[in-house]
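Taken in order, these protein sequences are the chains called A and B. Using the numbering used here, the letters of the first sequence map in sequence onto residues 1 to 111. Using the numbering used here, the letters of the second sequence map in sequence onto residues 112 to 227.
Fair warning: there could be bad hints in the mix.
Claimed, not checked - Below 25 Å or equal to it, Euclidean Cα-Cα: the simulated DSS-like pairs (lysine-lysine) are:
hint : chain 1 : residue 1 : chain 2 : residue 2
1    : A       : K69       : A       : K103
2    : A       : K56       : B       : K168
3    : B       : K208      : A       : K56
4    : A       : K98       : B       : K168
As the list claims (entries may be wrong) - Covered by chain B, per the in silico footprint, the following chain A stretches (three or more residues, Cβ under 8 Å):
hint : segment
5    : 20–34
6    : 43–55
7    : 92–102
It should be emphasised that the hints constitute simulated quantities derived from the structure, not laboratory data. By construction, the Cβ of each residue, glycine as well, lies at the ideal position given by its N, Cα and C atoms.
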Amino acid sequence: SQQGEEDPQALSIQEGENATMNCSYKTSINNLQWYRQNSGRGLVHLILIRSNEREKHSGRLRVTLDTSKKSSSLLITASRAADTASYFCATSQGGSEKLVFGKGTKLTVNP
Amino acid sequence: DAGITQSPRYKITETGRQVTLMCHQTWSHSYMFWYRQDLGHGLRLIYYSAAADITDKGEVPDGYVVSRSKTENFPLTLESATRSQTSVYFCASSESKGSGGADEQFFGPGTRLTVL
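All chains, please: the whole structure from these sequences, using the hints.
Here's what the structure looks like:
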């Protein structure tokens with residue numbers, strides 16, 4: 001069963017705009033990770049935020065985590081056509097190395 | 112080459128045949144994972160391994176068998192393929208840093224399997 005659920009399922013924006021994707025989960029977590037998947041390729045890790053962190057930045061990416069609401073958001077600023085991909089959140093629970101992935105948000109950035 | 116590789120990249124087989132998907136990583140990561148990706152389901156964990164000779168079931172293990180005799184290899188076998196096993200299969204690896212939660216996973220390019 002899926003732990004994380006991304007919202008929206010699909011998002012289409014113009015180049016230069018910001019893109020925000022949300023992830024909600026059900027049980028307590030150790031960390032939450034975001035991954036990107038380009039069409040026909042494997043997933044690539046973007047960023048990891050621990051349960052005691054509220055915000056994290058990496059380049060044009062900003063991730064927030066609200067453990068009280070069991071939700072996270074991924075913001076991509078000044079989007080580019082190359083950001084077109086599917087984005088997945090994944091949660092880590094307990095002491096396990098396993099991740100539970102959501103179904104993803106498909107982002108299209110139009111030039 | 113360094114990294115994680117999967118073979119074959121594409122495979123077409125028939126119902127009832129045995130199929131083995133290969134995964135090889137060069138980082139000596141202790142953990143390896145097999146996922147399947149289907150429309151509407153996202154990624155689902157099939158099996159994972161914490162080290163050589165240590166494997167465990169994930170969310171959807173039925174119909175699959177794994178082994179891990181060497182740290183770098185983690186083959187996935189479909190003993191008698193069914194149409195419902197048509198999917199894209201991803202292998203991943205991670206280094207357990209003991210940080211109290213799962214570390215980032217590195218994914219292979221995937222194997223697209225079609226069962227006729």
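>> Run through the hints listed earlier and report the numbers of any the structure violates, in increasing order.
In response: Failing hint: just 2.
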